[in-house]
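**Student:** Could you slot chain B onto chain A? The hints should help.
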Amino acid sequence: MTSRNILTNKDKSKEEIMLEIVKLYGNRLKLKKIFKKNNKYILSFDYIRPFQLFDETEKKIYIRAIKIKDIYSLETDSLKNISLPINEINNTINNYFNFLQQEISKKVLLNKGLILNLLDSNNTFGHVLNRLSKIILRLIEDSFINKDYVNQIVRKNKDDKRYFKLLENSDYIILKKDRYYPTNKFNKILDESKYKNSKKYSKNLILYNILKENYDYLVYELKLSILKYYIDLLSVFIYLKDYHKLGAVNLSFNGIYETYITLFRKKENKYLFEDKINELMENNILTDNYNLNESYV
Amino acid sequence: MLNIQMSLNSHESFIISNFKKDDNLEIGQVSCLLNSILIIVENLNYEKKLSKDEIKDIFEYSSKDGIWNEKRKFQRLNKRLREKKCFCRLSHEGFLDKKELFKQLDELNLPVPIFFDIEIMNEIKIKIEEVTGFTIHIPEDANLINDTLHILLLVGYGNYGKDIYFIDPNYMLPVYDKKDLKSLSKLIIIDTEKFWQFVAKPKQYIKVKCNKKEAKKIKNDLKKYFN
Chain A
0 MTSRNILTNK DKSKEEIMLE IVKLYGNRLK LKKIFKKNNK YILSFDYIRP FQLFDETEKK
60 IYIRAIKIKD IYSLETDSLK NISLPINEIN NTINNYFNFL QQEISKKVLL NKGLILNLLD
120 SNNTFGHVLN RLSKIILRLI EDSFINKDYV NQIVRKNKDD KRYFKLLENS DYIILKKDRY
180 YPTNKFNKIL DESKYKNSKK YSKNLILYNI LKENYDYLVY ELKLSILKYY IDLLSVFIYL
240 KDYHKLGAVN LSFNGIYETY ITLFRKKENK YLFEDKINEL MENNILTDNY NLNESYV
Chain B
0 MLNIQMSLNS HESFIISNFK KDDNLEIGQV SCLLNSILII VENLNYEKKL SKDEIKDIFE
60 YSSKDGIWNE KRKFQRLNKR LREKKCFCRL SHEGFLDKKE LFKQLDELNL PVPIFFDIEI
120 MNEIKIKIEE VTGFTIHIPE DANLINDTLH ILLLVGYGNY GKDIYFIDPN YMLPVYDKKD
180 LKSLSKLIII DTEKFWQFVA KPKQYIKVKC NKKEAKKIKN DLKKYFN
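Protein sequences, first through last, are from chains A and B.
Quick note, the first sequence lines up with residues 0 to 296 if you use numbering that gives the first Met the number 0.
Quick note, the second sequence lines up with residues 0 to 226 if you use numbering that gives the first Met the number 0.
Same shape as in the complex, but just chain A:
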């Protein structure tokens, strides 16, 4: 008996429609449901794309898939000549990835130990926040900053004015009679960090809170795009762990690089990427097996 005879009429029509769709749009669109409502057919699709990671040390290949459920729903009078809007579906895929990136970035930014280590270590992430660090340190040491001093540094670099504005707007400092004072919010974080008895730790804890609350402003307004580079890079590890159950496996540089391209959908200079990965290894944030240090998982 051939497969044609085994199929019921309903199955047969679904399989035929599926084949028509596959021939037109490939296998990334999966017809999940087909039903009739008010004399119209409703076809519901998922999006599926396989990907794989090589663990060259352990000689393992991990096969996984990116799935977007209910990516598109088509309402049609007839099941003949089905046509799908490719651009609209691709826009939905883009939006999904943008949302996913933001969601994972948030997870990275909320990982206090991880961000504190980044701020504490010798890397570009901490360096680009130096000017903000100096202001915070001065507030910790002197408990105030004179407006004259602010004018003086702003004359040297106009951008510093924006850091004061940021601190003021996000309620870390307040201007009273020509002096900037730390607010209760600032002092509360300071109190939290007192047990460490380290000005550097206190400064980093305040920086961490500022970063968590004002990440987009720092990246897009103050143009500290290198912060995003680090957060995106670390997002790869959170993505593999949380979305693909690949948190506790040895990975390879190429695997990480490919996942970065998959998640952020852009090619990056491989040398710069490798440079940053090595930096994170030196900072003990990543292990030699290209994975996130256990203490941040």
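Derived from the structure by calculation, the hints contain no laboratory data.
One or more of the hints may lead you astray.
[Claimed, not checked] Derived lysine to aspartate or glutamate pairs resembling EDC-like cross-links, with alpha carbons at most 16 angstroms apart:
hint : chain 1 : residue 1 : chain 2 : residue 2
1    : A       : K29       : B       : E139
2    : A       : K66       : B       : D64
3    : A       : K199      : A       : E140
4    : A       : K244      : B       : D64
5    : A       : K66       : B       : D146
6    : B       : K200      : A       : E15
7    : A       : K32       : B       : D146
Keep in mind the model is a prediction, meaning the values are calculated, not measured.
**Tutor:** Only chain B this time, still in chain A's reference frame:
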């Protein structure tokens, strides 16, 4: 070593003879469709007329997201083939009977790319591990992987078609040398029951259509190449 040779008349067994293999197949990202197309073009003896880069330009989307007009991709490929005076055509088609697949195999002596559910990997991973030295890890949580497809290249059959011989274009082919392709022990053998259990729904393959004159020419060219 394999000693089964073409016995088209008896249909007891068949295996592609003189199978050419590109030494620069893609390894890394999932590239089973791209590798399958490359292998077909190579075995049609079109590789000098249509470069790998041109094919990649048309078909390499495995590492990118989104959907495409699949039909148009094949139309572009066929248009390019026509422009270069190559008279075979490729298309993504459905099938109902495995005889359709065997026909392509027999008549053109070409591997036939067939789509399977990813669960086939659980059946064939031991063979892949044996050949490549790499362990294939499929997640136990089916939600992480189901609905994904994988392509295997049909290269022969035995036992009157009850046993079907395949090569994996993604994992095995890039590391195979030519003599491996003639050794039955290096091939994946799937019995008919498993074939129907794991073949993708809808059932689909890459069809190659050549006129008789072209098919004869391809066979002769391959013979000359290997002699």
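**Student:** All hints are to be evaluated individually against the structure, with a verdict given for each.
**Tutor:** Checked hints:
1. A/K29 to B/E139: Not satisfied, since the Cα-Cα distance of roughly 21 angstroms exceeds 16 angstroms.
2. A/K66 to B/D64: holds (11 angstroms)
3. A/K199 to A/E140: holds (11 angstroms)
4. A/K244 to B/D64: Since the Cα atoms of A/K244 and B/D64 sit roughly 21 angstroms apart, the hinted pair is violated (cutoff 16 angstroms).
5. A/K66 to B/D146: Distance ~9 angstroms between A/K66 and B/D146 Cα, so the pair holds.
6. B/K200 to A/E15: holds (10 angstroms)
7. A/K32 to B/D146: holds (13 angstroms)
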